[in-house]
Amino acid sequence: MKSRIPLALCAAVVLLIPVATHDGYVIQLLNIAILNAIVVLGLNFATGWTGQINFGQAAFYGLGAYTTAIATKAGLPWIVTPFLSVIIVMAASLVLGLPTLRLRTYYLAMTTIGFGEIVRLIIVHWEPVTGGTSGLRAIPGISVFGFGPQGQIQHYYLLVAALALAALIAARIRQSSLGRAMIATKDSEIAAEQSGVDTTRTKLLAFMIGAVYAGLAGCLYASSIRFISPDSFSGIQAVLLMTMLIVGGMGSITGCIIGAVALTILPEALRFLGQWYLVLYGLGVIAVIVLAPGGLASIASLIPRRAGAR
Amino acid sequence: MFPISVKTLMVGTAVICLSAAFARESKADVAACPSPIPLGLTTALTGNLALLGTQARNGAEFAVDEINANGGIAGKKLALTTEDTGASSTDALNAMNRILEGKPLVILSSMISPHVFAQTESVTKSETPFLVGATNAKVTAQGSKWLFRTHVHDGQLADLIPEYLVTSLHKTKPGIMVVADDYGLGASKGIQAALTKLKVAPVAITSYAPSDKDMSAQLLEIKDKGADSVILFGRPADVTLVMKQMGDLGIKLVVIGNTSIVAQTTLNNLSATEADGNYAIGGMIPQTSTDPKILDWAKRVQDKYKVPADNFTVSYYDTVYMLKGIIEKAGCDKPAIRDALAATKDWKGMLISYQADANGDLAHTLGIYRNKGKTPELLGPIKESGF
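Heads up: the protein sequence lines correspond to chains U and H, in order. Every letter in the first sequence is one number past the one before it in the numbering used here, and letter 40, counting from 1, is 53. Every letter in the second sequence is one number past the one before it in the numbering used here, and letter 346, counting from 1, is 348.
These are computed hints drawn from the structure, not numbers from a lab. There could be a bad hint or two in this list.
What the hints assert, rightly or not - Here are some, though not all, of the chain H residues that point toward chain U, as calculated from beta-carbon distances under 8 Å: (1) Asn99; (2) Glu103; (3) Ala120; (4) Glu123; (5) Thr126; (6) Asp183; (7) Leu187.
Said to hold, decoys possible - Here are the computed lysine to aspartate or glutamate pairs in the EDC-like style, where the Cα-Cα straight-line distance is at most 16 Å: (8) H:Lys140 / U:Glu140; (9) H:Lys105 / U:Asp36; (10) H:Lys191 / U:Glu140; (11) H:Lys201 / H:Glu223.
To be verified - Residues of chain H placed beyond 12 Å of chain U at every Cβ, according to the derived structure: (12) Lys140; (13) Lys147; (14) Asn271.
Glycine residues also receive a C-beta, built at the ideal position from the N, C-alpha and C atoms.
Here chain U stands alone, though its shape is the one from the complex (with noise of 0.2 Å):
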């Protein structure tokens, strides 16, 4: 019950937030920050908790965004968008991760990065289709018969509901026998093929559930934010989520929504600085990093434990 109180109190600041402001850019950046939130639980799944490292993630956000800004475009509805992202999406993963996922560590890691640059050059190089380097503009709104969210603080509340399904989701399958054998392959292959874990099975799963999560992010912002280019899914973007899941916590949901907001909100809060709120972003994430190496998430954690020792 005392568990649930702090959940309680989280859920009823989120709500009210658009009520307290009406401020468009804050209402706009918390939008941004809950689809990187959406992202980064994807790649928990195959980094924070089966142990891969995967520079992909931002390439499967992007092709999400570009199946459903091409495919809304040239006039399908959108309520098939999110299908058939989800099935790009999965045939990519399952493409790239059927013959990679027996590597591991720095070798999985440089395919998952040459992924993204093939998805990268494509996008800027099949200009017809995606517009090329210019990218897609005028992307049609979300819209199931008729009803979509107007304006930014509905597309907020849609969002919220989205993040809220993706994380009950993710908590439900961590304690599932597939969560079980992510976490086992992730603490040692070896020993979790003993014990008769499927370990390349496992793996490949873990990657195409964060693969279809980014994928229906990637859904999501084309129809709300209605502008897509490259440069919203480059390596730099990669390197960014992968960034947001260690500093929030890597294997904790609470910490994959808390890197995601605060990595997304921190330089807008810091741009009162200059050209020098990048320095002083650099600060926050190695000082997150060093002094708590268990992300954002473990500091609450830490309080009680420090208090009692005292």
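Given the coordinates of chain U, assemble chain H onto it according to the supplied hints.
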């Protein structure tokens, strides 16, 4: 007598009323401006295009400081708020939303086209005049009546560079080499189309990623296919590398491209031999002027910011002064400013005159340059056809 007196009375009344109305309106409009007058600017101050963004920011800021030092506009100072777009369109949109919260009278924005594409819908909804330097020809074709461009675009360059190469330099076997971003790839398509019209086929079409450091494979391909010239489109940093690597590989071909070839930041990193003889067509740069006032201005900008003024610095500087003139006449009514921008005709800037076309493009004069050693020389201005 009677009809005359009525007529006189009516005309007289009309004249008095009109005079009073106009006198009140012009006075009231300037007086109605907020103090200070808020202007917004979003540009890349970090990331791989920070140099270009900084040069643009310098131009706008230098003009604002000058205007304020001279008493502002009707005694009201300008307040320029600048936000960094970073290197991504999402960040550019965030920066724009932040600028819009400050309810600026006019917004100046980036020379990076995807950033402007991302921002246009928000700015158009806010009904704020939006002045950009973005070089993709499609930027002003988005249908926003609030969007204007005060810098030349790659559509103009794509027409003029092949024409000059073929008809004036008599080169008919060019190789094309561009940076694989919005700027370079957009230009490459236009150049290929313009060459086709001139009945010339490029011997090689190549590109390199913005982060690439080694372009020797592309250069060797161009050389091996028997090119007599290279059409080069890129940013100063990568154009410098290309020209250095041409020297290292012993490739001696006529190079023609955008103003990165003659930019001070490029020439500072090249030897005289590497830079010599290369051509550029693009926005006007101040260093080639023979006017001592302009050279002094370029020196003052360099002294203040420690970064040379380039074509974007000139363009953004001119933009602020153009706005000053418009606000003095039209006041701080946004639709009136927009209408005045759309009606711009022969407004004399530092190096060129600006004239609005139906799309909202205001710059139609470009410069042809040639490096003599490390010194760019203006061979002459060249105008877009129809202007």
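Next item on the list: Could you tell me which of the numbered hints above are not met by this structure, giving the numbers in increasing order?
Entry: 5, 11, 12
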